[in-house]
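Protein chains in written order, with the numbering used here: chain F, 1 to 92; chain V, 1001 to 1370.
These are calculated hints, taken from the structure and not from any lab test. Backbone N, C-alpha and C fix where the C-beta goes; we use that ideal spot for every residue, glycine too. Each hint should be verified, as a subset may be incorrect.
Stated by the list, open to error - Computed cross-link-like contacts, BS3-like style, restricted to lysine-lysine with a CA-CA straight-line distance of at most 30 Å:
{"id": "1", "chain 1": "V", "residue 1": "LYS1303", "chain 2": "V", "residue 2": "LYS1341"}
{"id": "2", "chain 1": "V", "residue 1": "LYS1247", "chain 2": "V", "residue 2": "LYS1213"}
{"id": "3", "chain 1": "F", "residue 1": "LYS50", "chain 2": "V", "residue 2": "LYS1145"}
{"id": "4", "chain 1": "V", "residue 1": "LYS1291", "chain 2": "V", "residue 2": "LYS1341"}
{"id": "5", "chain 1": "V", "residue 1": "LYS1220", "chain 2": "F", "residue 2": "LYS50"}
{"id": "6", "chain 1": "V", "residue 1": "LYS1051", "chain 2": "V", "residue 2": "LYS1291"}
{"id": "7", "chain 1": "V", "residue 1": "LYS1275", "chain 2": "V", "residue 2": "LYS1051"}
{"id": "8", "chain 1": "V", "residue 1": "LYS1213", "chain 2": "V", "residue 2": "LYS1235"}
{"id": "9", "chain 1": "F", "residue 1": "LYS50", "chain 2": "V", "residue 2": "LYS1303"}
{"id": "10", "chain 1": "V", "residue 1": "LYS1247", "chain 2": "V", "residue 2": "LYS1291"}
{"id": "11", "chain 1": "V", "residue 1": "LYS1247", "chain 2": "V", "residue 2": "LYS1235"}
{"id": "12", "chain 1": "V", "residue 1": "LYS1341", "chain 2": "F", "residue 2": "LYS71"}
{"id": "13", "chain 1": "F", "residue 1": "LYS50", "chain 2": "F", "residue 2": "LYS71"}
{"id": "14", "chain 1": "V", "residue 1": "LYS1341", "chain 2": "V", "residue 2": "LYS1360"}
{"id": "15", "chain 1": "V", "residue 1": "LYS1220", "chain 2": "V", "residue 2": "LYS1238"}
{"id": "16", "chain 1": "F", "residue 1": "LYS20", "chain 2": "V", "residue 2": "LYS1238"}
{"id": "17", "chain 1": "F", "residue 1": "LYS62", "chain 2": "F", "residue 2": "LYS20"}
{"id": "18", "chain 1": "F", "residue 1": "LYS20", "chain 2": "V", "residue 2": "LYS1247"}
To be verified - Short derived list, chain V residues pointing at chain F, Cβ under 8 Å:
{"id": "19", "residue": "ASP1111"}
{"id": "20", "residue": "HIS1112"}
{"id": "21", "residue": "THR1178"}
{"id": "22", "residue": "ARG1179"}
{"id": "23", "residue": "ALA1183"}
{"id": "24", "residue": "LYS1220"}
{"id": "25", "residue": "ARG1224"}
Given next are the chains, with one letter for each unit.
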Amino acid sequence: MPPDPQSFPRLAPGCRLNDKSQQPRTLLMPERALRLNGPSLEIVERCDGKHTVQQIITDLQKIYSKAEPQKVESDILGYLALLQEQRALDFT
Amino acid sequence: MTMTAELPNPLALIAELTHRCPLHCVYCSNPLEMQSRVNELSTEIWFRVFKEASEAGVLQADFTGGEPLARTDIIDLIRAARAAGLYVNLITSGLPMDEAKLAALVEAGLDHIQLSFQGAREEIANEISGTRSHEHKLRVLKWLKQHRIAVTLNFVIHRRNIDQLEEMLAIAESSSATRVEFANVQYYGWAFANHENLLPTREQLNHSVEFLKRAQERLKGNLRIEFVVPDYYAKYPKPCMGGWGHKLMLITPSGDALPCHAAQVIPGLRFENVKDRSLRDIWEQSAAFQKFRGETWMQEPCKTCDRREQDFGGCRCQALLLAGDAAATDPVCSLAPLRPKVDAILARMISAPRAEIFVKPNWLYRPNPS
């Protein structure tokens, strides 16, 4: 089920980005770690409980303005759903 | 072409901080010969190990034991590992913990706490751990709800508690855990000594797999359920440690660097100590880490098997225990020449009278080192 556009995703307890000084940037989680590239890092950095899903979509559509906006939106929703399945997000 | 150019970084450091433990579990993964307190690494050496680990590319540190909370410097160790840039996971029985200790652990930067359970009910849990421990663990679960920290519950599964999965899951669902592991006992060390009384029946195993599949579907997105089967019942071996010397490094309480928990059972391997050499040096150069790395050591049928990059020939320690040769194909594999040995163990259990299977056995309990 895709996340509600008006909800605020936030990294779940025990899920955090490694330090900015550490490369590659990685989402650390219980018993697993996910390497993040450009767009996935942009998304995860905004999962702070202050951005709505819709705001994240709008932000990334600006950053990746050459990409099809519809594609950016569906990619983000897909990625958030994947993180949710990994139990890496809480939505408020 | 050098070995190091192709070698991946270690991803996780398993820090066995001590072998001391208030529990005496009959399947403990510690070796039969344990280290006493006087041989334990100092706080300062652990600090250096965390720094070296992070520099070598390690992302996560698993603090385990024995009972890691038996170390009086545990708070400093967590702080230092976090400061070095590691994700810190504490694997604990929860026994030497009170509300103040838990708050201090969280405050020190602990990322994830993995609380072990020996069953869903007092009676069996206490029997397996050889202590009165279950009630306290339930108290710890209540305290954990007050903190923003990741929690995994780890239920170790075997013949005498596998029929309690529903109750175990209910404990997990009523807690703040986001993950729960139902990990069947793996048969090394103390567990191997007790295996005849721990192996579930095939009927029990099939029933548990069905139950957990349904639960996984129902709890998707809320609670992650991980399930580890006893590999004696598997068709193919487990990819032990993600490959020998490929992802993980274990440091014993006295500082020996091992490719896995049980590696000391393999004769002829010499382990380097972190007191003498750097972590990266050991990872790249030590003979013990190179011994079963890659594929050159493999025998048939592994050598030409399509699955060799998937399961790496299985577990070297199990090969040693069951085949008497650490380089043999893991005998749990259906393609292994020595699979009949595993089948014979299963057959012995199935032919035992049912009543005998379910009465309290004469356990060999793990003692506590001084």
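These are the hints, each one checked on the structure:
1. The hinted pair formed by V/LYS1303 and V/LYS1341 meets the criterion: a straight-line CA distance of about 21 Å does not exceed 30 Å.
2. For the hint pairing V/LYS1247 with V/LYS1213, the CA-to-CA distance comes to about 28 Å; that is within 30 Å, so the pair holds.
3. For the proposed pair F/LYS50 and V/LYS1145, the alpha carbon gap of about 23 Å is at most 30 Å, so the pair holds.
4. Taken as a hint, the V/LYS1291 and V/LYS1341 pair is honoured in the structure, with Cα atoms around 25 Å apart against an allowance of 30 Å.
5. Restraint check: the Cα-Cα separation between V/LYS1220 and F/LYS50 comes to about 25 Å, which is no more than 30 Å; the hinted pair holds.
6. Proximity of V/LYS1051 to V/LYS1291 is assessed by CA-CA distance (about 26 Å); at most 30 Å being required, the pair is judged to hold.
7. Restraint check for V/LYS1275 and V/LYS1051: satisfied, since their Cα atoms lie roughly 14 Å apart, inside the 30 Å limit.
8. Proximity of V/LYS1213 to V/LYS1235 is assessed by CA-CA distance (about 19 Å); at most 30 Å being required, the pair is judged to hold.
9. A threshold of 30 Å between alpha carbons decides the hint, and for F/LYS50 with V/LYS1303 the separation of about 54 Å lies outside it, so the pair is violated.
10. As the CA atoms of V/LYS1247 and V/LYS1291 are separated by approximately 15 Å, the hinted pair is consistent with the 30 Å bound.
11. Taking the CA atoms of V/LYS1247 and V/LYS1235, the gap is about 24 Å. The hint holds against a cut of 30 Å.
12. Note on V/LYS1341 and F/LYS71: the hinted pairing is violated, with a Cα-Cα distance of about 56 Å set against a maximum of 30 Å.
13. In summary, the hint linking F/LYS50 to F/LYS71 is supported, as the alpha carbons are separated by about 24 Å, within the 30 Å threshold.
14. Distance restraint check for V/LYS1341 and V/LYS1360: the Cα-Cα separation of roughly 26 Å lies within the 30 Å cut-off, and the hinted pair is therefore satisfied.
15. Among the hinted pairs, V/LYS1220 with V/LYS1238 is consistent with the structure: their alpha-carbon atoms are about 25 Å apart, no more than 30 Å.
16. Under the criterion of a C-alpha separation no larger than 30 Å, the hint pairing F/LYS20 with V/LYS1238 is inconsistent with the structure, at around 35 Å.
17. For a cut-off of 30 Å, the pair hint linking F/LYS62 to F/LYS20 stands: about 23 Å separates their Cα positions.
18. Distance restraint check for F/LYS20 and V/LYS1247: the Cα-Cα separation of roughly 23 Å lies within the 30 Å cut-off, and the hinted pair is therefore satisfied.
19. For V/ASP1111, the suggested interface contact is upheld, since its CB lies about 5 Å from the closest CB of chain F, less than 8 Å.
20. Taking 8 Å as the C-beta contact cut-off toward chain F, the hint placing V/HIS1112 at the interface holds, the least distance being around 4 Å.
21. Taking 8 Å as the C-beta contact cut-off toward chain F, the hint placing V/THR1178 at the interface holds, the least distance being around 5 Å.
22. A cut of 8 Å between beta carbons decides the hint on V/ARG1179: the least distance to chain F is about 6 Å, and the hint holds.
23. At about 12 Å, the closest approach between the beta carbon of V/ALA1183 and any beta carbon in chain F exceeds 8 Å, and the interface hint on this residue is violated.
24. About 7 Å separates the beta-carbon of V/LYS1220 from the nearest beta-carbon of chain F, less than 8 Å, and the hint is met.
25. At about 5 Å, the closest approach between the beta carbon of V/ARG1224 and any beta carbon in chain F falls short of 8 Å, and the interface hint on this residue holds.
The structure fails to meet hints 9, 12, 16 and 23 from the earlier list, while all remaining hints are met.
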